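Participant: Keeping their order, the protein sequence lines are chains A, B and C. Be aware that the first sequence starts at 1, since it is given in the working numbering, and climbs by one per residue. Be aware that the second sequence starts at 1, since it is given in the working numbering, and climbs by one per residue. Be aware that the third sequence starts at 1, since it is given in the working numbering, and climbs by one per residue.
Just so you know, these hints were derived from the structure itself, not from any lab. Hints are all accurate, no fakes.
Here are the simulated DSBU-like cross-link-like pairs (lysine-lysine), alpha carbons at most 35 Å apart as the crow flies:
hint, chain 1, residue 1, chain 2, residue 2
1, B, K230, C, K290
2, B, K53, A, K170
3, C, K267, A, K278
4, C, K31, A, K291
5, A, K95, A, K171
6, A, K278, A, K301
7, B, K53, A, K95
Reference excerpt, derived from the structure (chain B facing chain A, CB under 10 Å, subset only):
hint, residue
8, I141
9, I218
10, S226
11, I241
Here the structure is a predicted model, which is why all the values come from computation and not from measurement. Virtual Cβ for every residue (Gly too), placed ideally from N, Cα, C.
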Amino acid sequence: MARIFVITDRRSEWKALVSGAYSISGEKPLVVTADKAIAQAAADFGADAALMSGAEVFWNYTDTIAALVEELQPAGCFFGTSPDCRLVSGRLAAKLGISAIPDAKSIDNTYAIEHLIYGGSVVQTSKSTGKQFVALFGPGQFEEAAIPEQGTVMNVDYVEPKWQIAVKEKKTKEISAVDLTAAKRIVAVGLGISKKEDLDMVRELAALLQAEMACTRPIAEGLDWMEPERYIGISANFVKPDLYISLGISGQVQHTVGITDSKVILSVNKDPDCAMMKQYSDYCVAEDLYKIVPALIERLKK
Amino acid sequence: MDILVCFKLSPDSKDILVSNGAINTDRAEWNVGEYDLVAVEAAAQLAAATGRKLIGVSVGGSQLANTRFRKNMLSRGCDSLSLVMNDALVQADTHKTAVALAAAVTEIGNYDLIVCGEGSQDLYFRQTGIQLGELLGLPVINGISALNGIEGSVLLAERSTDSGIEVLEIPLPAVVCVTSDICQSRIPKMKDILQAGRKPVKELDAAGIPCDATGSEIIKVALPKSVQRKAVNFSGTPEEIADQIVAMLAKEGLMPGGM
Amino acid sequence: MDFRFTDEQQLLAESLKECLVRSITEADIQKSYETETFPMDAWKALAENGFLSIGAPESMGGVPADVTTQVLIAYLVNKYGGPLAGFLTLGLTTMRDLEDFGTPEQQEMVLGQYIEGGTPMALGMSEPNAGSDSSGIQTSYVSQGDKVIINGHKHYNSMASQCDYVLLTAKDAAIRNPYKSMTMFILPTNTPGVRITDLPKLGGKSPMHICEIFLDNVELPKSYILGKEHNGFPQLMKNFEIERTVAMAGALAVAENAFEDAAAYSKQRVQFGRPICENQLIQEKIFHMKMKVELMRNMLFKVAWMIDNKMDVRVDHALCKYYCANAANEVVDDALQVMGGVGLVGNHRIMRYFCETRSQRIGAGSDQVMIFSTAPQILMDF
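Build out the structure end to end from the sequences listed, making use of the hints.
Facilitator: Written out as structure tokens, the structure is:
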């Protein structure tokens, strides 16, 4: 079988992708990166690495990557799910005459790829119509496992892009180091929370339970009350904790697809008719979370 | 030079059924997803600010003939629509759609900016706009969270990434994919709704548009596995409920550090 | 026979529903009832989105709206906007009367502020001795040069204490014939001599106050006469058919909401081991509620269509008013029965609906007046 390329701009993702690529293809994957440290770490992990250089922005490597694919004819490419990965993988797919499969849930050794459509209500399995496949995997889709035998690092010639978009300024923010996909206990909030300050008591509860905090998409992206790394849903984190506590979450399918692998789900919501309470919970509390959370904190402190 | 905005008419997710291993859209209402409506609003605001015309573009099947859909888009700031109707494009994948769109916009011409949404409500690949830009050989960028104006032949924009905001200068012509929270979709006013019926809709000759460039082959569709949950109710005073919760956590071995 | 709404009406309905859903929630409505305060923020949102200029004169930037569209708008605001409908229904009446009888100055004065999210005209017609018999009013005025002096007492005036203007009927003291003495006035509520108080009412607390108006030597320039002096009674009769029809849009919306609440509840309420929707007697209520809601809808929009097509609705509008008011009461009563204790204790909206629908069989043309005024007409064909 031909090898698989692993391409990501995020430091945290490549190991799982490499392990997944190896388990599917049985071949040493090739990590394509512009980060020297990752290239070396990949080789130590057992993968080969192709080190790119010459660009200030990740999307300027699109033609370089395409040339490498044309030259080495891999079985396909695994990408991460950062905005830059979506951009580069999409452009690459256009060049290859195929569709890249985003937020893939699984891939088998015939390169049939599973992913969710229609807001999470349908699972679709598809294959590429081209010579390669391109699939994007979010964090936690594969178990990390090192590959036997040291890999090698090679340098890649830079292919100049045909156009430039100037980045005049970067306003950076702290990247959260949280990995919800590995969390054993999670406390998640939804729009039942009325003020950002109220997250303090949820934080206290999470700390007492040694749980990670998470949320639904509107809390992170709409209201900006939590980091985007903390939202669980169809286009973000899929989690598999032993305990998942939902506070004030109504249970729209875009969110609940991300929690189906939870062992035990406990929900607190004023509305006993919401989907979260009726369909997705093992234990239901039809009460105001503003009453239950303080009571639970008191009880746990004893 | 005009601004083009692309949107997709698709079946509403809530009406989708899977029967006999296939997706059944018989009972589905077809509409334009919220993220596309947001893109239309962002494009309309930029068009108004820069004195440009806004042309709404869509490729799909005979559903695009629906007059209510057309008037809806024309009441949201589009000066006209250009549509490609070919049933071969129904349920098209992202590459096939992008190829058709590329041919369509080339025929429409006279544009210096194409705006696309974050993703469609049905397939949500978040990729069609990106492929469109690449097929046209134009600068293309995603994650655009602000459109701040056009100066000369440069679009001033901001891009939202994991690590923060990038302030960009994008040379035109270009394709931009905007985020779902770049702005709120508008509530069309009665005046705009009444005038919509008088705005032009151009149906491009489908024969000149390639509608067969499938980039993926569907092997199977199925319902996601559902987990039967216990739905046990805890009730009483908040203190009583807290006791019940802690007892359950202990019993299930879920307390930190075990029992 | 095409029963569908036009594309434009469907798009308007979607827009209006979106605006209402974004600007007012059930929790907001409950709060407005508890504090007896009209939700002005949500009202202003309707204004900002241009919905209050639908039906206003084009000279003021308004968009014309036929009766079908007005009924559709009233239905949606009642369905999703709760108390906002109180102002909206008065506003539609205000616009109609000012368009038909108002001078450009009067239109500018009242509608200018209304369209921007101000208040409509409240109605000042009913009196302790003149309810169904609207010509029996005793509030009267005398002329003094280019102004009049009004004395009298009105009551049951919805939202008068919350509006800046009242559409007042008063009779010229010098004229005996009750059908030729009535004059309509636009009365600014802050005019000296005007005193408005709130009355307690069935249902208790509400953001829509019901008031009485005391007029003590109120001076008003004759330029505030709406239409022609002494032409008040024909003017009153001109639009009342439309007003009754639009008012029934509220009956439909409330009945439909009550039915939907009851149906959803019946699927969730489990007693004796199964949801109560599996019980036949509950199913019978569900069936009847649905049937009545559909009949109300059909009749309401048919009468609106008849009015738009300049057909005589003297009989049909009365049939519609009677049917909708009574059917709404029956539907809400059935819904309450299905919901049981939840509808009697707590804050469910069915409680307010139960009280509010009862008044529709009395106000704006009582059941008995509907029959009394149309049965002879019906019999004329035989």
